[in-house]
Amino acid sequence: MSGFDNPGISYTDAFIPEENAENFDSNTNSTISEFKDFILRFQNMGLEFVYRNQLKHNYNLKKYFLSINIEDLSCFKENLSDKLIENPSVYLPLFETAALQAADEITHPRPLGDEIIQNIQILLSWSCNPYPIREIKSNRVSKLVKISGVIVSVSAVRMKSVSMTIQCRSCRTTIPNIKIKSGMDSHSLPRKCPSSVSGANPLGNRPQCPLDPFFVVPEKCTCVDSQIIKLQEMPDATPTGEMPRHVQLYCDRNLVECVVPGNKITVIGIYSIKKGFSKRETVVNAGVGIRKPYLRVIGIEHSQGESILGKSSIHSSAGVHFSPNEIEE
1 MSGFDNPGIS
11 YTDAFIPEEN
21 AENFDSNTNS
31 TISEFKDFIL
41 RFQNMGLEFV
51 YRNQLKHNYN
61 LKKYFLSINI
71 EDLSCFKENL
81 SDKLIENPSV
91 YLPLFETAAL
101 QAADEITHPR
111 PLGDEIIQNI
121 QILLSWSCNP
131 YPIREIKSNR
141 VSKLVKISGV
151 IVSVSAVRMK
161 SVSMTIQCRS
171 CRTTIPNIKI
181 KSGMDSHSLP
191 RKCPSSVSGA
201 NPLGNRPQCP
211 LDPFFVVPEK
221 CTCVDSQIIK
231 LQEMPDATPT
241 GEMPRHVQLY
251 CDRNLVECVV
261 PGNKITVIGI
271 YSIKKGFSKR
281 ETVVNAGVGI
291 RKPYLRVIGI
301 EHSQGESILG
311 KSSIHSSAGV
321 HFSPNEIEE
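Following UniProt numbering, the numbering of the sequence shown begins with 1 at its first residue and continues without gaps.
Any given hint might turn out to be false.
Said to hold, decoys possible - 30 angstroms max Cα-Cα, derived DSS-like pairs, lysine-lysine: (1) Lys83 x Lys36; (2) Lys292 x Lys274; (3) Lys275 x Lys146; (4) Lys83 x Lys274; (5) Lys274 x Lys230; (6) Lys160 x Lys192; (7) Lys63 x Lys220; (8) Lys62 x Lys220; (9) Lys275 x Lys160; (10) Lys36 x Lys62; (11) Lys220 x Lys275; (12) Lys137 x Lys274; (13) Lys274 x Lys143; (14) Lys181 x Lys160; (15) Lys143 x Lys83; (16) Lys181 x Lys146; (17) Lys160 x Lys137; (18) Lys83 x Lys56.
These are calculated hints, taken from the structure and not from any lab test.
Taking the hints into account, I'd like the entire structure generated from these sequences.
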């Protein structure tokens, strides 16, 4: 997203960077702890641990996601829901880290061969009224929004790297586990090798590394499924005499292949921006500050309000519990 939708830093003290770093780490750890307490301790009106049971049930079925209602989070701790709505790109990864820790706790000990804990995807549902697509402006960038419309087209499933390893062609220097932000923007590789910048070859035993020496090592990358969806606004939301407007949706992991063209859906996601490329640009740096909007999807519901992944709830339609072994049989 090129950093344009980053809310930025409101205050920085250059003289005490260590204290700032410690405060940031402590705030991050306390936020993860609060999200984890919500997952493990929240109870509904029937005094059931809704999200704890849902997480354990989904994990045993190898469905690595957790569906969260924002209203429940607001009832548990209002400031957590406010943070998630106003700055989801920062607090959603912390929420998923908390879900990972909670899953590790409630599924321990795990069966032989499944000792490594899998990442958990947080899916959100929200009972607020959807925003009209025409009224979403730049002040909603990097915030949580809810829109509704009709699916016009769906792309094929593609692989999206979330962590990659790069290597220098000249000196074979390797930089492992580079984290990549989720979304439609690509990650730019370093232009210079750190060994040539730091002067690691003072005697000149080998030639200096050239510009752009890095290449991606595919077998050491971690990828997830991703998909691009084109959403058109509802016919009743289009003014008379005007063409309906569209917005691109980016889905990944468990939200891939959940919808088909023609479905009427409601989407919860992060309003993001990406760098736009135009084939007609002939002037150097033309449109350098222009960014195209899209929605990074965090939850999908049918127009009737039913979750796309609602079939993975804790209970079956008949209210009967099934173990993983019974389902396999």
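We went through each hint and held it up to the structure:
1. Between the alpha carbons of Lys83 and Lys36 the distance comes to roughly 15 angstroms, so the proposed pair stays at or under 30 angstroms and holds.
2. Distance restraint check for Lys292 and Lys274: the Cα-Cα separation of roughly 5 angstroms lies within the 30 angstroms cut-off, and the hinted pair is therefore satisfied.
3. Between Lys275 and Lys146 the CA atoms are separated by roughly 23 angstroms; this keeps the pair inside 30 angstroms, and the hint holds.
4. Straight-line distance between C-alpha atoms of Lys83 and Lys274 comes to about 23 angstroms, which keeps the hinted pair within the 30 angstroms bound.
5. This hinted pair checks out: Lys274 and Lys230 have alpha carbons roughly 15 angstroms apart, not beyond 30 angstroms.
6. Simply put, Lys160 and Lys192 have alpha-carbon atoms about 24 angstroms apart, close enough for the 30 angstroms limit, and the pair holds.
7. Proximity of Lys63 to Lys220 is assessed by CA-CA distance (about 24 angstroms); at most 30 angstroms being required, the pair is judged to hold.
8. A hinted pair counts as satisfied when its Cα atoms are at most 30 angstroms apart, and Lys62 with Lys220 qualifies at roughly 24 angstroms.
9. At most 30 angstroms may separate the alpha-carbon atoms for a hinted pair to count; Lys275 and Lys160 meet this at roughly 17 angstroms.
10. Distance restraint check for Lys36 and Lys62: the Cα-Cα separation of roughly 20 angstroms lies within the 30 angstroms cut-off, and the hinted pair is therefore satisfied.
11. Distance hint between Lys220 and Lys275 is fulfilled; the C-alpha atoms sit about 27 angstroms from each other, no more than 30 angstroms.
12. With a C-alpha separation of about 15 angstroms, the suggested pair Lys137 and Lys274 falls inside the 30 angstroms cut-off, and the hint holds.
13. In summary, the hint linking Lys274 to Lys143 is supported, as the alpha carbons are separated by about 15 angstroms, within the 30 angstroms threshold.
14. At roughly 10 angstroms between alpha-carbon atoms, Lys181 and Lys160 fall within 30 angstroms of each other, so this suggested pair holds.
15. A C-alpha spacing of about 10 angstroms is found between Lys143 and Lys83, which places the hinted pair at or below 30 angstroms, so the restraint holds.
16. The straight-line distance between the Cα atoms of Lys181 and Lys146 is roughly 21 angstroms, inside the 30 angstroms bound, and the hint therefore holds.
17. Note on Lys160 and Lys137: the hinted pairing holds, with a Cα-Cα distance of about 28 angstroms set against a maximum of 30 angstroms.
18. Distance check on the hinted pair: Lys83 and Lys56 sit about 26 angstroms apart at the alpha-carbon level, within 30 angstroms; holds.
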